[in-house]
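K.L.:
Going by numbering that gives the first Met the number 0, the sequence shown opens with residue 0, and the numbers climb by one from there.
Hints are supplied without guarantee of correctness; some may be wrong.
20 Å max Cα-Cα, derived EDC-like pairs, lysine to aspartate or glutamate [unchecked claim]:
(1) K267 with D283
(2) K267 with E251
(3) K200 with D294
(4) K341 with E113
(5) K200 with E240
(6) K20 with E251
Restraint-style ranges between C-beta atoms, simulated for each label pair [what the hints assert, rightly or not]:
(7) A49 with A262: 35 to 45 Å
(8) G52 with E264: 49 to 59 Å
(9) D339 with A262: 36 to 46 Å
(10) G276 with A298: 17 to 27 Å
(11) P29 with T225: 33 to 43 Å
(12) A201 with L86: 48 to 58 Å
(13) H151 with D40: 29 to 39 Å
(14) P273 with G147: 25 to 35 Å
(15) V266 with T6: 40 to 50 Å
(16) E120 with P235: 34 to 44 Å
(17) T328 with W39: 32 to 42 Å
(18) G95 with G277: 35 to 45 Å
(19) G15 with R64: 44 to 54 Å
Worth flagging that the hints you see were computed from the coordinates, not collected in a lab. Ideal Cβ placement from N, Cα and C applies to all residues, glycine included.
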Amino acid sequence: MSAAGKTLRVGVIGLGPIGNKHAGIYQSLPQAELVGVCDWDRARADDAAARFGVPAYHAVEDLLREARPDSVSVTTGGVEYGSEHHLPTMQALRAGVHVLGEKPISNDIDQAEEMVACARERGLCYGINMNHRFTPAARLARQWMDEGRIGHLLFMNMGMWIMNPRESSPWFQIKALHPHTVDIMRHFCGEIETVHCNAMKAPGRTIWSTAQFNMRFACGALGHLTGSYDIQRGHPMERCEVAGAQGRFVIEDMFREATLYPAGELVKQVYSNPVFGGMGSFDDTFRNRITRFVDQVLAGDAPDAIDGSGADGLAAQKVLAAAIESIRTGQNIHVQEFCDRKGYRS
0 MSAAGKTLRV
10 GVIGLGPIGN
20 KHAGIYQSLP
30 QAELVGVCDW
40 DRARADDAAA
50 RFGVPAYHAV
60 EDLLREARPD
70 SVSVTTGGVE
80 YGSEHHLPTM
90 QALRAGVHVL
100 GEKPISNDID
110 QAEEMVACAR
120 ERGLCYGINM
130 NHRFTPAARL
140 ARQWMDEGRI
150 GHLLFMNMGM
160 WIMNPRESSP
170 WFQIKALHPH
180 TVDIMRHFCG
190 EIETVHCNAM
200 KAPGRTIWST
210 AQFNMRFACG
220 ALGHLTGSYD
230 IQRGHPMERC
240 EVAGAQGRFV
250 IEDMFREATL
260 YPAGELVKQV
270 YSNPVFGGMG
280 SFDDTFRNRI
290 TRFVDQVLAG
300 DAPDAIDGSG
310 ADGLAAQKVL
320 AAAIESIRTG
330 QNIHVQEFCD
340 RKGYRS
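All chains should be built: construct the whole structure from the sequences, respecting the hints.
P.N.:
Written out as structure tokens, the structure reads:
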């Protein structure tokens, strides 16, 4: 139960591996009640329903009408992991139901804008699973910034690399991997004003599978991002560094370790994920993110106060769209001017 003694009734739409992960987490939370699972693939819906002991639905409208959830997770996939998010999200929002969607918010910015606008117009909470910001290490780093221990921002270096052999579309790596990295960059340093991107196709690849981005933030700080779908797992997959006039921090794998290097001091401060009682694996980032969304909805937080909101997801995809334009043209792209030219509404 939440502090207010309420329980959030939740459904899950899309029962692939990620949807099953969402469902299992909801079922383990005392402040949430999993009331149904839904997938157009009957076997997937029925298997998940049997596993979690809840009703199976094969159409979103049936889930919304019969299970009466307060909130749903939209964990569908599709092209570039995002083409199937729009319809179920709109169905849920139009029914007055809060939504936590998987990333990317959508591989189509016009659709993403419609989803964000619908949630805003109806006063509903809409979050995206930007789970990398929901770790003790990331929260501590944000606290260091808020305490003034980093000072005037100078630069940020971000990197994320995994092996993903899928050949979905030319822009798959950029659209599907980097909602996470760009969200972290915006989380720590604010809006990204300009972007220039170079990309390559690794041997045997048909997609732009490795990329480097150079950015300027609206605050004046500089940013660099390296990403790849070509590096084998088994090594650290993510690194975040933020430097300012008063100090610098580095986060390894977003939850494993955070180190603060105060300017002019020889002693550093280190947070290490504890062996006992800490995060057991990357999967715990899903638990942290889902728990935060449930708690915010139950607390009645304003939709625009949602951590990792739909608006944040939309902003990340716009930066990535500008990066794709940079690859196509070889030019440095001003993100807002590019969006204005494309006719994006918000």
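K.L.:
Hints broken by the structure, by number, lowest first?
P.N.:
Hints 1, 3, 5, 6, 7, 12, 13, 19 contradicted; others consistent.
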